[in-house]
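Protein chains: 2
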Amino acid sequence: MASLQVDAPTNPLVSALLTDLYQITMAYAHWKNKRHNEPAIFELFFRKCPFGGEFAVFAGLDECIKHIAHFSFSESDIAYLRTSVPALSKCDAEFFVWLAQLDTSEVSVRALPEGTLCYGKLPLIIIEAPLAIGQLLETTLLTLVNYPTLLTTNAARMVRAAQRKQIHDTTLPPQCRKLPVCFEFGLRRAQGPDGGFSASKYALLGGFTGTSNVLAGKLCNVKIAGTHAHAFVQSYSCLEEVAHDTLLYPKVLQYRKQLRYETTNDGELAAFIAYGMAFPESFLCLVDTYDTLQSGLLNFILVALALDDAGYKPVGIRLDSGDLAFLSMECANKFAEFARERPFMNDLDILASNDINEHTLNQLNSKPHAITVYGIGTNLVTCQAQPALGGVYKLVEINKIPRIKFSQDIEKVLIPGRKRALRLWDKNNKPIIDVLLQWEEQEPKVGEKYLCRHPFDSRERVLVSPSRVELLHVPIFDKGRVLVTPQPLMEVSRRVELQLSAAPPEVLRADHPEPYKVFVSSQMYRFLHEMWEENAPITELS
Amino acid sequence: MASLQVDAPTNPLVSALLTDLYQITMAYAHWKNKRHNEPAIFELFFRKCPFGGEFAVFAGLDECIKHIAHFSFSESDIAYLRTSVPALSKCDAEFFVWLAQLDTSEVSVRALPEGTLCYGKLPLIIIEAPLAIGQLLETTLLTLVNYPTLLTTNAARMVRAAQRKQIHDTTLPPQCRKLPVCFEFGLRRAQGPDGGFSASKYALLGGFTGTSNVLAGKLCNVKIAGTHAHAFVQSYSCLEEVAHDTLLYPKVLQYRKQLRYETTNDGELAAFIAYGMAFPESFLCLVDTYDTLQSGLLNFILVALALDDAGYKPVGIRLDSGDLAFLSMECANKFAEFARERPFMNDLDILASNDINEHTLNQLNSKPHAITVYGIGTNLVTCQAQPALGGVYKLVEINKIPRIKFSQDIEKVLIPGRKRALRLWDKNNKPIIDVLLQWEEQEPKVGEKYLCRHPFDSRERVLVSPSRVELLHVPIFDKGRVLVTPQPLMEVSRRVELQLSAAPPEVLRADHPEPYKVFVSSQMYRFLHEMWEENAPITELS
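Line by line, the protein sequences are chains L and G. First residue of the first sequence? That's 1 in the working numbering, and the numbers climb one at a time after it. First residue of the second sequence? That's 1 in the working numbering, and the numbers climb one at a time after it.
Errors might be hidden in some of the hints.
Copies of the same chain look alike in the list, so a pair counts if it works inside one copy or between any two.
In silico DSSO-like cross-links for lysine-lysine, where the CA-CA straight-line distance does not exceed 27 Å [unchecked claim]: (1) 367 with 165; (2) 90 with 223; (3) 313 with 32; (4) 313 with 178; (5) 90 with 313; (6) 313 with 257; (7) 34 with 90; (8) 32 with 223; (9) 479 with 32; (10) 405 with 34; (11) 34 with 165; (12) 313 with 412; (13) 251 with 32; (14) 334 with 178; (15) 218 with 32.
No wet-lab data here; the hints were simulated from the structure.
Construct the entire structure; sequences and hints are all you get.
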């Protein structure tokens, strides 16, 4: 099979030089000691799921594939390393010759497909490469996986939280019975332009419906949304600033008189009329610039009624401050007053966008509210609740000899060697357990009992009769040949949705979730513990 | 004066399209209502200093200049907006013609110089532009300022915390009396590759000494550092894996016997020998792979002694786990044992790098420690203590008429109109206060008393006799002409250092800092309050 074509990384900063210097010094030390070409296996994984949860959604593989496929040091990179880095100034000139011709033609990669539900200890990406090259890929791959995985997980958690809205009471206005969707609004608060772009992309992967980020819309072909800001309202101070010779203006003034909404803010009303003239088909107004209930809501209704008369269907309102549950209910009740004669009022959206995070979503759900759309920014894009995923990249085998890393902390001990990971599913198509096997081991069989053990705790053992056995890692890269290319974002997003709906609810729940089991085969267990016994230092007491 | 040449933004993602959709919908609404060319003034500022502190360091201006200078919509951007964004599908075709020819030739910008100490309410950047263009710049400028300012401030706070080490006890080893420096090691945990790159750049601006990020080293011409990781140590399992036919190997073995360090880990010793052979002049070892005091420290000493014999000067050790204060003291004491005969041991660095943040730095300072270098990653680059700066961008004037934004929250009220900001300095060259004046007002004079008022609290007034009056905002961009180009990073970094050393200590301190005053002139105060009285809605009670 020929190698597939793959684009260069989206961000040109992603290059062989986007790495820690110690990767290059280590490469030199290996080269100097003639070990740089020893075949090695590295695993990229995390130990603890983020946000106090028990699951994560793997993301970032697309850009990893692009980076690996295009990995090389440019002439100017080599010149910089040779001449401008004091630590490397005494390195043999030959080393730079070697570095200059490096590529990934000896690298093979297996990985979870983008968007796979994943857990602590499960390898996300497995890199088989000459020792020095595997090392040179480390930092960049971690950078390309840590934030996307964290962000996608954060987005998935927020969407789930938003959808835990109570919808049982059928006497409340229709907005109370609509399950909210989430939009990403965080570009301005993201950690750099690329953070903003990645946030938009991976929020969609995690289940967000759209983003305000226009560039993400263009490059990722996803839905973008946005109406106007406080500044737009503020830029109008009186009704004279909006054109009067339109159908809309006199109609709005007529309703204002009729409904006795005459004390609302004039500048705001002018802004809404101007906005309605520009966007009669997607009329959604920010209503809290002056006073949500005394001014913004009423001004919106005036323009919405006039647009309805003209045959347009207004979209809704946005709340950006105050008690969002209370205000949304007040607005929905007001819409309900009009709805008998104006059925479009039943379909109006109520968008809330003030400093939303998973915690406030859960709080909002504790009482009735009428929010139908959330706009989530800062807390989504910066992953405020936990701004970094602790992804690591570890050497597990070299020269076909498995490597173990010792640690006082048992959870930090590595599971050594080349391995396969299987997900075992039950007859209801729910995943039961992930199990790590040694490379050459026999797989568990459908319908047959199979013993899985906790890698470190000898007392934890389970017998599983799987109805389906899924090999988790897919070959991505085989000795330089690209085997898989990036999938359309929305396809991966649907995959994430399917996986989340299949996952055990106790693993996904917000409060006190149960850990999903990532166990090992009994052969792997024996191997790991024999290796441990043989190699771990024994403290001498005297 | 001709326009200066300025590069395109470092990250090609930074473009006119890297914005929120509502900026474009608002631009259309303004265009549709023929208000798009009304002259407007916007201010970019934050209200509250980050990290519970009372200062911030302004950064990000360089990339803002590049963005403004190169601002335009490409043909493919326009095609995307016209054909692929449902919200814009009904816009007049003329609008896109207008959008396609937009540039910033009518835009003027004043800003604080990069690296200026700044405070809540003080405008960082003041944009004078046609209304719609000013709006189209908002999101991108916020993205380009929020994270750099946050990161630079975080870095400056960390460097200050690191340097609060207690150094009075002269009986302790010399490492205890060395003021620590900080290195940035966070690339792998940053929020995207660009987050990583920005973090490295702005950490240096905030006072860090270097970074591990090689690309930042190349592009910003700053010091990069790094030695080896656990994986390097782990890749050796016995002494057979390192070349024996060198000067180093027999010498090390001889010391091992002589000093009776024979139970240290062989693989680790092999790795250190290999590393010493590769980098005899910059020998710094990570000593905690197996056991810091029983193995790593001793193995380091063996190789260091042999290198010293050969005329090289070993650099030091890195600690990446455990009780860093205790371990650093144990290591320094061990070095002191050798130092009488081996003076190089007095100069060895002890680098600590395990999950350092401002809080752990303060904790470490509460007891004696011998850390001379900090490697700071995750908590620096993600600004874990507060992952976003709340920078905002507000319309303060349109058509020469100042605009005010009302808010129940008095601190959210805008200071309206075109203005100048002055920093008043005392005779000891310490800043006393920043004061905002209306544009045409007379400046305070050196040696004369000048009344400054809190903008919102009528009871807070001070009389200041400045020894120096500094106009804070510098013209950056004048009707499309670039007046200032980016300065070398290390020059700006020195500027930050000077500003920090001049700033009032009570403003900078970590515990209960005092707010620095950003006040207004009495003319501005009267204007603001008259405008408020005239325009603020009065709640009717009945």
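Results for each hint:
Within a single copy, residue 367 and residue 165 get their C-alpha atoms as close as 9 Å, which meets the 27 Å cut-off; across copies the closest is 50 Å, which misses it. Taking identical chains as interchangeable, the C-alpha atoms of residue 90 and residue 223 lie at most 27 Å apart only when they sit on different chains, with a minimum of 17 Å there against 53 Å within one chain. Taking CA atoms no more than 27 Å apart as the test, residue 313 paired with residue 32 passes between copies only; the shortest distance there is 20 Å, against 72 Å inside one copy. Only within a single protomer do residue 313 and residue 178 lie at most 27 Å apart by alpha-carbon distance; the minimum there is 18 Å, versus 70 Å between protomers.
With identical chains, the CA atoms of residue 90 and residue 313 are at most 27 Å apart between copies only, with a shortest distance of 14 Å across copies and 72 Å within one. Proximity of residue 313 and residue 257 under a CA criterion of 27 Å is satisfied intra-copy only: 22 Å inside one chain copy versus 88 Å between copies. Taking CA atoms no more than 27 Å apart as the test, residue 34 paired with residue 90 passes inside one copy only; the shortest distance there is 17 Å, against 66 Å between copies. In this homomeric assembly, residue 32 and residue 223 come within 27 Å of each other (Cα to Cα) only across copies, at 24 Å, whereas the closest approach inside a single copy is 52 Å.
In this homomeric assembly, residue 479 and residue 32 come within 27 Å of each other (Cα to Cα) only inside a single copy, at 24 Å, whereas the closest approach across copies is 57 Å. For the identical chains of this complex, residue 405 and residue 34 are intra-copy neighbours only, at 23 Å inside a copy versus 68 Å across copies, given an alpha-carbon limit of 27 Å. Taking the shortest Cα distances, residue 34 and residue 165 never come within 27 Å of each other, neither inside one copy (61 Å) nor across copies (43 Å). In the homo-oligomer, the alpha carbons of residue 313 and residue 412 never lie at most 27 Å apart, since the shortest distance is 58 Å inside one protomer and 34 Å across protomers.
Proximity of residue 251 to residue 32 under the C-alpha cut-off of 27 Å is restricted to the inter-copy arrangement: shortest distance 19 Å between copies versus 83 Å within a copy. In this homomeric assembly, residue 334 and residue 178 come within 27 Å of each other (Cα to Cα) only inside a single copy, at 17 Å, whereas the closest approach across copies is 68 Å. Taking identical chains as interchangeable, the C-alpha atoms of residue 218 and residue 32 lie at most 27 Å apart only when they sit on different chains, with a minimum of 24 Å there against 47 Å within one chain.
Comparing the model with each numbered hint stated earlier shows that hints 11, 12 do not hold.
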